[in-house]
Amino acid sequence: DAKTTQPPSMDCAEGRAANLPCNHSTISGNEYVYWYRQIHSQGPQYIIHGLKNNETNEMASLIITEDRKSSTLILPHATLRDTAVYYCIVRVAYKLSFGAGTTVTVRA
Amino acid sequence: DAGITQSPRHKVTETGTPVTLRCHQTENHRYMYWYRQDPGHGLRLIHYSYGVKDTDKGEVSDGYSVSRSKTEDFLLTLESATSSQTSVYFCAISKQTSGFSYNEQFFGPGTRLTVL
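Residue numbers (this note's numbering), protein chains in the order written: chain A, 78 to 185; chain B, 923 to 1038.
It is possible that part of the hints are untrue.
Here are some of the chain B residues that sit facing chain A, going by a computed Cβ distance under 8 Å [as the list claims (entries may be wrong)]: (1) G964; (2) L965; (3) L967; (4) Y970; (5) G980; (6) E1026; (7) Q1027; (8) F1029; (9) G1030; (10) G1032.
What the hints contain is simulated information worked out from the structure, not anything from laboratory work. Every residue, glycine too, gets a C-beta built ideally from N, C-alpha and C.
All chains, full assembly: derive it from the sequences and hints.
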């Protein structure tokens, strides 16, 4: 399975867009990119996933580069409730593998 | 919310005692998972199930067993608890019905287990 690299932490101003990068240079053709987040002490929450095309839902947008070696999760208007650890995961089968993720702190 | 509950939510036990954690779902999904989360390790898969009586090991299965006698319940048992099994345990379900093209998992609220 492809490994992912994320920055350990980042800050974002409330109301601004938060852009979370993820590198997955060893991704193979049938592996999807998933994003989850975990708000303190709660179970992880699914955000979005994609294979090749950019995706958008009510929570976020996912931008995947054409070579699929990296992606960016965009939270369009960050709120204080978006403060969490964000996990970028690349996987093809049904077993997810969570790394350390990026701790995102949204500041007022 | 995918109708997932975990019990107990908190438990303190002593080394050497057996412990069973229960995960219950209300939507009859086929795939269920048990993870543990420890500082510095993220979430790690312990065991998973792909149907009634169909289970398999994850990356940290030593010291744990599971059972799934009916669709809605997935039990995690620590036969003889050790202090290294002090952790937060999360159950998850996957709503996919066939194929492995993607894996949207929904997680329960977690069980905080302390082994003294």
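Here is what the structure says about each hint:
1. G964: Interface hint status for B:G964: holds (4 Å vs cutoff 8 Å).
2. L965: At about 4 Å, which falls below the 8 Å cut-off, the nearest Cβ of chain A leaves the hint on B:L965 intact, so it holds.
3. L967: holds (6 Å)
4. Y970: Result: holds, 7 Å to nearest chain A Cβ.
5. G980: At 7 Å from the nearest chain A Cβ, B:G980 passes the 8 Å test, so the hint holds.
6. E1026: Check passed: Cβ of B:E1026 comes within 5 Å of chain A, closer than 8 Å.
7. Q1027: holds (6 Å)
8. F1029: holds (3 Å)
9. G1030: Result: holds, 6 Å to nearest chain A Cβ.
10. G1032: Constraint on B:G1032 satisfied, holds at 6 Å.
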